[in-house]
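Let the sequences and hints guide you as you build the complete structure.
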Amino acid sequence: MVKHSKWKTEQRRAYLVLVLPAVLVYWLVMAFPTVFSVALSLTDYNGGRLFSSANPVHFAGLAHYVRMFSDPYFWIALKNNFYIILISVFGQIPLGFVLAYILFRKLVRMPGFFQTMIYLPCTISTIVVGILWQSFFSPYGPFSEFMQRLRPGWENTLFINPRTAMLPVLFVLLWMYTGTYLIIFLANLQKIEPHIIEAARIDGASEGQVLKYVILPALSGVIVTSAILAISGSFQSFNLIFAMTGGNPARRTSVLSLYMYDNAFRGAPDYPLANAISTFMVIISFALILATKAIEGRFGGRE
Amino acid sequence: MGETGELGRREIGVFGRVLVYSVLIGFTIMTTYPIVWLAFSSFKTTQEFQVNRLGLPRSWTLDNYPHAWRIGGFSVLFLNSLLYTGVSTAAIVILSLAASFAFAKLKSRATPFLHGSFVVGILLTLQSIMVPLFLMANATHLYNTRLGVLIPYTGIGLPLGVYLCTEYVKGIPDSVIESARIDGASYLRIFSSIVVPMARPVTTTLAILNVTSVWNEFMLINILVSKNSLKSLPVGIMKFSGTLSSDYGKQFAALVIGMLPMLAFYLVFRNQITKGVSAGAVKG
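Residue numbers (our numbering), protein chains in the order written: chain R, 834 to 1136; chain F, 681 to 964.
These are computed hints drawn from the structure, not numbers from a lab.
Since we're looking at a predicted model, the values are computed, not measured.
A virtual CB, placed ideally from N, CA and C, is assigned to each residue, including glycine.
Do not rely on the hints blindly, as some may be mistaken.
One side only, chain R facing chain F, incomplete, derived with CB under 8 Å [what the hints assert, rightly or not]:
#: 1; residue: Ala855
#: 2; residue: Tyr859
#: 3; residue: Leu861
#: 4; residue: Tyr1046
#: 5; residue: Phe1119
#: 6; residue: Leu1121
#: 7; residue: Thr1125
Here are the simulated DSBU-like pairs of lysine-lysine, each with C-alpha atoms no more than 30 Å apart in a straight line [to be verified]:
#: 8; chain 1: F; residue 1: Lys787; chain 2: R; residue 2: Lys841
#: 9; chain 1: F; residue 1: Lys955; chain 2: R; residue 2: Lys1024
#: 10; chain 1: F; residue 1: Lys907; chain 2: F; residue 2: Lys955
#: 11; chain 1: F; residue 1: Lys850; chain 2: R; residue 2: Lys839
#: 12; chain 1: F; residue 1: Lys955; chain 2: R; residue 2: Lys939
#: 13; chain 1: F; residue 1: Lys919; chain 2: R; residue 2: Lys912
#: 14; chain 1: R; residue 1: Lys1024; chain 2: R; residue 2: Lys1045
#: 15; chain 1: R; residue 1: Lys841; chain 2: F; residue 2: Lys850
#: 16; chain 1: R; residue 1: Lys839; chain 2: F; residue 2: Lys787
#: 17; chain 1: R; residue 1: Lys1126; chain 2: F; residue 2: Lys850
In structure tokens form, the structure reads like this:
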């Protein structure tokens, strides 16, 4: 009996020692700040001391959220986020799948080489990518050269015209991240039991039928996970746009994260608004993920 | 990969093959051309670039590199990046593994709650903590300090780290642990002599995932430090997009310098990286 309780205390102590560092750091860095931010968004705290009697912090309710929703730049940013989600879910994922499928079914030689090359952009710092493509699409870059050879006298107003400024950004996102999905899908394709596909072929199924009735259902879970990844990832695209356009022209290529950055760190700080934006982003991320999971439930992830 | 692939090759015929190769080759060109263009543009002087944008350099020059290195202050930046990446990755691995050992093998009623909090954290993004971290860093005087960067970097890697490690450690047979207990070993001893060596696959994956994400991290550190002596490589490179952007030669050299470390890392650790990416994506 004595030994047993000694065991238990020792186990409890060991548990604490093992768990405490990670929990402390994580809660300090992620959990607490998130909650803190939500709380601050309901006040008028704008820097300085939190509990000073000279400049007390007042409760502001949803005032900042109202401000946010009436700010036209908010809607521009949201719209751009939406475009990014579209290109991620309907561009990167299908493209990644197609490429993974091609490599998986060994339709070409040297799959390893292609895989390495296509995933390459993911390893480069987004800042480098942003500046690189800024140059690439600028009036002095290769894109202009190509366009001018195709159509002499073509003016490069890509980044100046607010309506087209987002296009290079979307293209670069496609360029960068399709490789990630290629890897994910390929890994999961390789997990499918080969004899299932064998059996289908022996039964006389064509390539297309194998795809439709064997492979896609098996991968449906991964596709949904990837969609979730894509959606949460699209809210995180800051570096790329920051380096590529800085949100310009006139903040037309801004996204929510950049919009938040502008309000917190550019010009006079407006932390309440920034916190409100941040909270909004967390909520919408969670909401979209829940929605995606609900859709998965509806259409069934047969495995 | 199975023999099923070979069946495919015969099935799609010549037209199919041409199509498939064009897609792949086209994509590969699209992926690599900008990088290749960047590389040989960095060997042109700015003057030459202004007249010869697409072709190979007529007179190759290495001058851009030392100049870019000096202007960007890359020596300091490199050291900083190494420090931030190395220390935070080590911390993430150790802390994650320790916590996951406890979660997976030690019984406690707190585990579902604590472990769950980490899993939820995987969905939290940098954005949601950017502003509060800045405010907190100022309040605790950790703004513009190395510690003020390392702690957040460590914290951000923990959710995925704890998740991956816990999944892995669950796979270690209980009998191994129990027999060590019977032999009188303490839990901490079991951790260091059994779990750590056995967990090499997952710690390698975790280390690689974190190295790539921390090395390239920009947003957070940009907010948390303003002193040049503390900045990391990505932050320093950003300098070349502003006032220096018209000095193309140096800008391109700076970009190549920025790319090389991770590119080299990727080419060496290719297989682990791809494994890590797919592991990180299989959540929930």
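Against the structure, the hints come out as follows:
1. Ala855: 4 Å, holds
2. Tyr859: 4 Å, holds
3. Leu861: 7 Å, holds
4. Tyr1046: Cβ of Tyr1046/R sits 15 Å from chain F, so the hint is violated.
5. Phe1119: 7 Å, holds
6. Leu1121: 10 Å, violated
7. Thr1125: With a closest approach of 11 Å, the Thr1125/R hint is violated.
8. Lys787/F x Lys841/R: 10 Å, holds
9. Lys955/F x Lys1024/R: Distance of about 13 Å is within 30 Å: holds.
10. Lys907/F x Lys955/F: Since the Cα atoms of Lys907/F and Lys955/F sit roughly 37 Å apart, the hinted pair is violated (cutoff 30 Å).
11. Lys850/F x Lys839/R: 25 Å, holds
12. Lys955/F x Lys939/R: Satisfied, since the Cα-Cα distance of roughly 19 Å is no more than 30 Å.
13. Lys919/F x Lys912/R: 29 Å, holds
14. Lys1024/R x Lys1045/R: 17 Å, holds
15. Lys841/R x Lys850/F: Distance of about 21 Å is within 30 Å: holds.
16. Lys839/R x Lys787/F: 15 Å, holds
17. Lys1126/R x Lys850/F: Satisfied, since the Cα-Cα distance of roughly 26 Å is no more than 30 Å.
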